[in-house]
Amino acid sequence: MTTERGLKALLIAATLFFAGTASAQYSQRPFFDDTLAVSQAYGFELALLRLEVLDLVGDDLDDDYLEVIEGFDADLRRFMGSVARADADLAEELEEAVEEVEEAAEDGEVSGEAVAEARELLQQAYDLVVPADVRSDPAFAAALIVELSLGEGGVGEGYEEATEGELGAYTMGYVSLARVVDIWDAVVAPAADEQHRADVEEMWEFLGTLYPEATIENAIVGNPEEAEAPVQRVIGLLEAIVDAELFPGRDLFALSAQLPDQLAGYCEAYDAGDDDLAVEGVIAVGYLYFSADLASFLSFMAPEVHEEASEQIVALTGLEPELEGVEEEEEEDEDEDEEEFVPVEDPAAACRELLEALQEAHEALGG
Amino acid sequence: MRAQPVKQRAFGVLATLTLALTFGTAVAQEADAYRLYVANEYSADITVVDTATNEVIDTITISGRPGEVRPRGMAVSPDGAIIYVSISDFNPQIETPEDKIVAIDVRTNEVVGEFRAGGNPERVAVSPDGTQVWAALEAIAQGAGYDVATGEQLANFRVGVEAEGVAISPDGKWVYITAEATHTVTVVDRESLQVVKHFLVGNRPRVVEFSNDGTRAYVSAEIGGTISVVDTSTHSVIETINLGLDSRPVEIAVDPTSSRLYVAGGGTSAVYVIDTTNNEIVATIREQMGRRPWGIAITPDGTTVYTANGLSDSISVIDTECLCVVGSIQAGRGAHSAEIGVIPGDD
Chain A
1 MTTERGLKAL LIAATLFFAG TASAQYSQRP FFDDTLAVSQ AYGFELALLR
51 LEVLDLVGDD LDDDYLEVIE GFDADLRRFM GSVARADADL AEELEEAVEE
101 VEEAAEDGEV SGEAVAEARE LLQQAYDLVV PADVRSDPAF AAALIVELSL
151 GEGGVGEGYE EATEGELGAY TMGYVSLARV VDIWDAVVAP AADEQHRADV
201 EEMWEFLGTL YPEATIENAI VGNPEEAEAP VQRVIGLLEA IVDAELFPGR
251 DLFALSAQLP DQLAGYCEAY DAGDDDLAVE GVIAVGYLYF SADLASFLSF
301 MAPEVHEEAS EQIVALTGLE PELEGVEEEE EEDEDEDEEE FVPVEDPAAA
351 CRELLEALQE AHEALGG
Chain B
368 MRAQPVKQRA FGVLATLTLA LTFGTAVAQE ADAYRLYVAN EYSADITVVD
418 TATNEVIDTI TISGRPGEVR PRGMAVSPDG AIIYVSISDF NPQIETPEDK
468 IVAIDVRTNE VVGEFRAGGN PERVAVSPDG TQVWAALEAI AQGAGYDVAT
518 GEQLANFRVG VEAEGVAISP DGKWVYITAE ATHTVTVVDR ESLQVVKHFL
568 VGNRPRVVEF SNDGTRAYVS AEIGGTISVV DTSTHSVIET INLGLDSRPV
618 EIAVDPTSSR LYVAGGGTSA VYVIDTTNNE IVATIREQMG RRPWGIAITP
668 DGTTVYTANG LSDSISVIDT ECLCVVGSIQ AGRGAHSAEI GVIPGDD
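Protein chains in written order, with this note's numbering: chain A, 1 to 367; chain B, 368 to 714.
Facing chain B, according to a computed beta carbon distance under 10 Å, are these residues of chain A, among others:
{"hint": "1", "residue": "Thr163"}
{"hint": "2", "residue": "Gly249"}
{"hint": "3", "residue": "Met301"}
Calculated directly from the structure, the hints in this document are not laboratory data.
Here the structure is a predicted model, which is why all the values come from computation and not from measurement.
Quick reminder that beta carbons are idealized off the backbone N, C-alpha and C, glycines included.
Put together the whole structure using the sequences plus the hints.
Below you can see the structure in the form of structure tokens.
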């Protein structure tokens with residue numbers, strides 16, 4: 001059982017497999033064609049949802065919710081470069097407003113006024129970076145539903161972490177569910193036929209039973225993946241409704257070809273000294289690398305390639321990937337000493353190394 | 368039924384059963400008499416159906432803590448006397464005493480053996496001679512083999528992430544283990560106990576089954592919406608059958624009497640019927656199907672297919688002549704997988 005042997009076999013098998021199966025059933029690919037915009041919108045949505053959590057919890061804020069608050073930094077890195085480029089004053093105001101909310105929350109004194117101001121500025125920035133007409137596209141909205149359902153801070157994760165006693169994550173899942181249902185109602189449902197609409201709404205109803213109230217006092221006992229199964233079903237239905245590919249890892253070969261192509265542009269941005277903008281792109285690419293199973297695949301079949309890619313993604317973005325069944329001990333260690341993200345000293349060089357690793361990943365898949 | 372600690376005595380019982388099977392003395396059955404077993408994930412029990420009447424004749428309790436402990440994959444010993452059931456809790460991160468495979472004597476519903484299987488065993492397969500059980504251990508990305516007579520683990524191997532399905536070739540030579548997150552199948556040589564290959568299949572592979580002659584294996588890919596056709600002489604994918612991205616295929620049933628393959632399509636609440644001589648879909652059964660079929664099994668005489676429907680907590684009965692649903696049977700909550708065995712003798 002050697003990895004090298006396995007990889008050699010894979011190279012042949014992958015070539016044969018992908019040569020014979022490249023096909024597409026859906027005409028749109030928001031995760032491929034709007035990678036950056038989806039990532040930015042996801043960041044805005046998460047930041048807005050964190051404010052929603054603060055509103056809901058109010059003065060009862062305690063340690064359980066600190067992790068929710070700590071997420072602001074990662075959310076903002078997804079879009080602040082673009083906000084600053086479009087409106088430097090707005091960017092400055094927004095950063096200050098969010099910082100004020102964070103500090104107040106950490107002190108256990110949430111000010112409704114500060115939350116409202118941060119929300120208003122976030123919404124302004126959101127409209128500027130990802131205009132409403134983009135967000136009103138059903139395929140784009142469906143991609144956002146996917147992220148808010150399956151991604152970090154989403155419906156599935158919130159429930160899963162609630163079974164581990166993460167009460168803040170539960171509330172985050174609760175507000176995420178309300179938000180995805182809103183997006184569904186406003187943008188996607190009008191495009192659905194009667195049967196699809198009934199099927200999706202049945203799943204929302206079921207998910208509502210898993211999230212009956214905004215907060216819980218104790219860990220949930222039960223299946224951590226209880227929310228993920230209906231979410232997966234919803235995504236399958238959304239694909240048919242909006243005619244869009246919503247599982248970006250469905251075709252790993254195509255994904256592995258796409259990521260280095262996209263990253264090359266962001267490495268050029270680093271070379272040009274436009275670090276804030278570049279990091280948004282690397283986050284979008286890096287998040288897809290982890291969330292769409294490419295990381296899992298490579299960690300098994302070409303671990304040295306995965307190690308290099310993940311090291312550079314973490315160094316450039318501060319993303320904290322979790323791969324089930326992989327490197328659990330290391331992840332636990334990392335969790336123990338959470339530190340504020342400090343960008344790597346030479347991001348342009350790190351980006352080039354990441355690019356090389358992603359190109360090797362594509363080669364490992366037969367490219 | 369109450370789970371019991373592993374005891375040498377229990378494995379003595381299993382060893383006796385296995386020997387009886389090996390010498391061909393325990394398989395005297397009526398041609399049309401089989402038992403259908405459906406594992407119900409959320410009610411933590413197994414529905415037992417008499418296929419002659421399509422009536423539920425028993426419910427085997429797996430745990431008194433439904434919602435905390437769940438049965439998933441099953442395998443039936445060749446003589447029909449034992450069902451092996453993968454049992455786990457719902458927390459893949461922590462290894463607990465609930466993570467195990469139990470051997471249940473279906474004549475008494477007593478646990479006659481347990482195999483320690485940390486890491487959320489998901490599916491299980493029994494070797495054609497009945498002497499070994501192999502399992503896919505989901506949480507720890509391993510495949511493991513166990514000696515039925517002694518209960519000892521023979522070997523364990525690193526496989527892809529989120530190990531899911533497992534099957535043993537009809538000649539007993541190969542063990543195939545699928546892994547959901549890495550989209551791979553790992554091939555183990557059962558004699559040398561070595562991994563010989565990992566290969567890619569469609570996205571989110573679930574279940575693998577071998578053809579009756581063992582020359583092909585079929586792997587369902589839930590997100591890919593495909594069945595990968597594998598040449599078992601080279602362990603390579605030679606063709607991919609596209610069922611549609613919304614099909615969400617899970618379990619596969621190979622018809623023992625013909626060239627047909629039946630696939631449970633959880634996404635479309637359909638059963639896809641494939642002719643394996645040309646790998647074409649010859650029929651799609653939708654009418655009166657239960658909702659979200661995941662499990663599927665076919666009687667050894669090839670006349671009837673059953674699906675375990677997770678969203679409607681039911682079992683659909685399909686006549687393979689008309690390729691139509693002819694009945695529905697109540698299952699437990701969260702019907703997950705289906706297996707069929709012969710009715711065991713009195714021993």
